[in-house]
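These protein sequences, in sequence, are chains R and E.
Going by the working numbering, the first sequence runs without a break in its numbering and finishes at 431.
Going by the working numbering, the second sequence runs without a break in its numbering and finishes at 346.
Watch out, some of these pointers could steer you wrong.
For lysine to any residue, the following SDA-like pairs were computed, each having C-alpha atoms within a straight-line distance of at most 25 Å [unchecked claim]:
#1 E:Lys245 to R:Ala174
#2 E:Lys245 to R:Asn190
#3 E:Lys245 to R:Ala176
#4 E:Lys245 to R:Phe180
#5 E:Lys245 to R:Pro173
#6 E:Lys245 to R:Asp179
#7 E:Lys245 to R:Ser193
#8 E:Lys245 to R:Leu195
#9 E:Lys245 to R:Gly177
#10 E:Lys245 to R:Gly183
#11 E:Lys245 to R:Glu178
#12 E:Lys301 to E:Arg340
#13 E:Lys245 to R:Leu194
#14 R:Lys369 to R:Arg339
#15 E:Lys245 to R:Trp184
#16 E:Lys245 to R:Arg175
#17 E:Lys245 to R:Asp182
#18 R:Lys369 to R:Leu391
#19 E:Lys245 to E:Asp193
#20 E:Lys245 to R:Phe427
#21 R:Lys369 to R:Glu396
#22 E:Lys245 to R:Phe172
#23 E:Lys245 to R:Phe428
These are calculated hints, taken from the structure and not from any lab test.
These numbers were taken from a predicted model, which means no experiment stands behind them.
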Amino acid sequence: MARGAAETILHGLVAALAVMVILGVGRIRASETRLAFWLLAMGCPVLFTPLCWLLFPARAGEDFRDGWSLFSGNHFSLLTWHGVRAGSVCAFVLTLAGSLLYLRDLVPFVLDVVRGRADKRDLAAIPEALAGAVAMTAAALATTAPRLAVLSTRHPVLICRGLRRPLIVTSAGLIEMLAPDELAAAIAHEISHAKRRDPLLGWGLMLVRGLFFFNPSVQLCARAAVHEIERRADLAAARAVGSPSPVARSLRKLAGAGRDRPRPAHGRAWHGFRLAAIEERCRALEGESEAEPAPGWTLAATAIGLGVILFFTVA
Amino acid sequence: MAPGRAGLAVLAVLGGTALALRAADAIPGFLLSVPRGVHVCGSLAEAESRTGLRLEALPRGLGDYQPVAGTIRTMAKPAPAVAVTLRGGTGNETELTIFRGRGREISALLRPPLSAFHEIEIPIGPGRMASLKAASTANGPVLQDLQWFDGEVTTALRFSGRTVELLRLARRIVGDAQ
Chain R
117 MARGAAETIL HGLVAALAVM VILGVGRIRA SETRLAFWLL AMGCPVLFTP
167 LCWLLFPARA GEDFRDGWSL FSGNHFSLLT WHGVRAGSVC AFVLTLAGSL
217 LYLRDLVPFV LDVVRGRADK RDLAAIPEAL AGAVAMTAAA LATTAPRLAV
267 LSTRHPVLIC RGLRRPLIVT SAGLIEMLAP DELAAAIAHE ISHAKRRDPL
317 LGWGLMLVRG LFFFNPSVQL CARAAVHEIE RRADLAAARA VGSPSPVARS
367 LRKLAGAGRD RPRPAHGRAW HGFRLAAIEE RCRALEGESE AEPAPGWTLA
417 ATAIGLGVIL FFTVA
Chain E
169 MAPGRAGLAV LAVLGGTALA LRAADAIPGF LLSVPRGVHV CGSLAEAESR
219 TGLRLEALPR GLGDYQPVAG TIRTMAKPAP AVAVTLRGGT GNETELTIFR
269 GRGREISALL RPPLSAFHEI EIPIGPGRMA SLKAASTANG PVLQDLQWFD
319 GEVTTALRFS GRTVELLRLA RRIVGDAQ
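Bound-form chain E, shown alone:
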């Protein structure tokens, strides 16, 4: 047996093994649209313990909006962050996604970027301003994204309902935190 052939076989197989493992690792994330590094948590309490961010108070202050099973996602790096989708409102069809993360940025893996066609600054509490963006989604409806920073933690709400309702929810959250 030629030594070259054996060497090539070893290199090719080990390289192929590493690639195959990496590809296999990506399968669950691909099937469930969960990127690598993102965890799906069973409860808000679990997400709180993973990230150290205060979350459980959020849905309590939001009336009939309740977390949707399987949508509580966390990331540990680059900065701890969490995203949770709630459903409620009239007819239980309005979706609200709350993002919260340490620092000024929340990773795009948790909070996909929106290309906004409109952006304004709007007050949501005493001395607190938030940035409100509106963006149209691929299949039509307009999504609104409201974001504010309290000096340590960034909170963002992405909402498919009316602006008035979004601002009411934001004020409840800010009021709760205070």
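One chain only, chain R, in its complex shape:
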């Protein structure tokens, strides 16, 4: 069991590092391609590693470890300090890091869900202008208009929910806060999520993160995948409204909205990181031209190459 968990961590780290370097060295900028690469890196420890155990149990034997493997974690059991094995320390530190990363995102997620349930009881009428904007944006994105709900709360809320029938939830506070072009851009962003069934993908990622909560690479790859999903929706929204500028302005306003809320010190620091990340996303959106997706065979070649490397890598 422990060796299995260690192997998924090892495979995840190798896959994530390789994908990160391929994306950097190959200058792969298209969010669609980057998302596929990050999902591949995440899939390696989640699907490929257990498949290897099932189909090739001989990989665990010493003949394979000493004769065939590229890397065998048990070779590190030679390194000990006061009777503690170096491999065990590494596994413990990585497991701790994975669990903390998972909790770091799980707690705000659960709070959002709980807060969303409380707000759901208090619905307001849908302004006609908003309904019109949603219909127009959906047409621009060549999709059907999703369902819409407006909460009467003064807090800015904008989220795409629903696994089978997407629902865009917004609030009176958000409609007041954003200028009409910014509101259209923000709505376009959410319609793009609805069109691509991103909530379903988001729940899938959350489920995998929960199952592999101890694996830091799964946590980081899922985060990177979510970042690419958001970038993809930003670009779609910019295309729909004809300019990236209103998308970036709406993002900045939404991110800055909670700035004055009282927070503990670590919460302020985290909010600062989040603001910095959104600012970077806005700058990238305003500065970047539409990147061409990488040829499909690069992903296939990476998957095959990683499969071969990971087959010969044992914990």
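Chain R is fixed; fit chain E onto it per the hints.
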């Protein structure tokens, strides 16, 4: 993005990953001078179960010579073999390394070759001859290497003490086996 650049990036990164993993795998062996394929065992019983060679009787027949922790090493391929270093004798400073392996050869990974300046055949038991080599080490002292084959298993002793003592130990081992 040029497809060529992406292809090169994929090839270079995957190749680099494989090399990096292989290099990382060699680190513990390099730090502890344990070559790949060699296992360090915690006890003679563990080494016996890994190799299927009889070992536990060895130190029992050697008086005050006792295995040094961390020096029991085994190999599974090309043929099962084991090396164990014992320390004992006057002042507890004399080192004896026992090698035992199936077949006529013991891998050089376990038993580093010596360039002998002298080699003779010498009897160590009834009808049993062994080859005794003497070699000087890099820092001066002479090492003696005594090896015999019993038709299935090769046993070798490498010793830093006196020849008389080495032959006494060899005869104890041969006598024990019989």
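Do the hints match the structure? See the list:
A threshold of 25 Å between alpha carbons decides the hint, and for Lys245 of chain E with Ala174 of chain R the separation of about 16 Å falls inside it, so the pair holds. Only pairs whose Cα atoms come within 25 Å are accepted, and Lys245 of chain E paired with Asn190 of chain R is accepted, the gap being roughly 17 Å. Our distance criterion of 25 Å between C-alpha atoms is met by Lys245 of chain E and Ala176 of chain R, whose separation comes to about 17 Å. Between Lys245 of chain E and Phe180 of chain R the CA atoms are separated by roughly 11 Å; this keeps the pair inside 25 Å, and the hint holds.
For a cut-off of 25 Å, the pair hint linking Lys245 of chain E to Pro173 of chain R stands: about 20 Å separates their Cα positions. Among the hinted pairs, Lys245 of chain E with Asp179 of chain R is consistent with the structure: their alpha-carbon atoms are about 8 Å apart, no more than 25 Å. Distance hint between Lys245 of chain E and Ser193 of chain R is fulfilled; the C-alpha atoms sit about 20 Å from each other, no more than 25 Å. This hinted pair checks out: Lys245 of chain E and Leu195 of chain R have alpha carbons roughly 23 Å apart, not beyond 25 Å.
Taking the CA atoms of Lys245 of chain E and Gly177 of chain R, the gap is about 13 Å. The hint holds against a cut of 25 Å. Distance hint between Lys245 of chain E and Gly183 of chain R is fulfilled; the C-alpha atoms sit about 9 Å from each other, no more than 25 Å. A distance of roughly 10 Å separates the Cα atoms of Lys245 of chain E and Glu178 of chain R; the hinted pair therefore holds under the 25 Å criterion. Between Lys301 of chain E and Arg340 of chain E, the direct Cα distance comes to roughly 19 Å. Compliance with the 25 Å bound is thereby established for this hinted pair.
This hinted pair checks out: Lys245 of chain E and Leu194 of chain R have alpha carbons roughly 19 Å apart, not beyond 25 Å. Distance hint between Lys369 of chain R and Arg339 of chain R is fulfilled; the C-alpha atoms sit about 22 Å from each other, no more than 25 Å. The straight-line distance between the Cα atoms of Lys245 of chain E and Trp184 of chain R is roughly 12 Å, inside the 25 Å bound, and the hint therefore holds. For the hint linking Lys245 of chain E to Arg175 of chain R, the alpha-carbon distance of about 17 Å falls within 25 Å, and the restraint holds.
For the given pair, Lys245 of chain E sits about 9 Å from Asp182 of chain R by alpha-carbon distance, which is consistent with the 25 Å threshold. Of the supplied pair hints, the one linking Lys369 of chain R and Leu391 of chain R holds, its CA atoms being roughly 11 Å apart against a limit of 25 Å. Between Lys245 of chain E and Asp193 of chain E the CA atoms are separated by roughly 18 Å; this keeps the pair inside 25 Å, and the hint holds. This hinted pair checks out: Lys245 of chain E and Phe427 of chain R have alpha carbons roughly 22 Å apart, not beyond 25 Å.
The straight-line distance between the Cα atoms of Lys369 of chain R and Glu396 of chain R is roughly 14 Å, inside the 25 Å bound, and the hint therefore holds. Proximity of Lys245 of chain E to Phe172 of chain R is assessed by CA-CA distance (about 21 Å); at most 25 Å being required, the pair is judged to hold. Restraint check: the Cα-Cα separation between Lys245 of chain E and Phe428 of chain R comes to about 19 Å, which is no more than 25 Å; the hinted pair holds.
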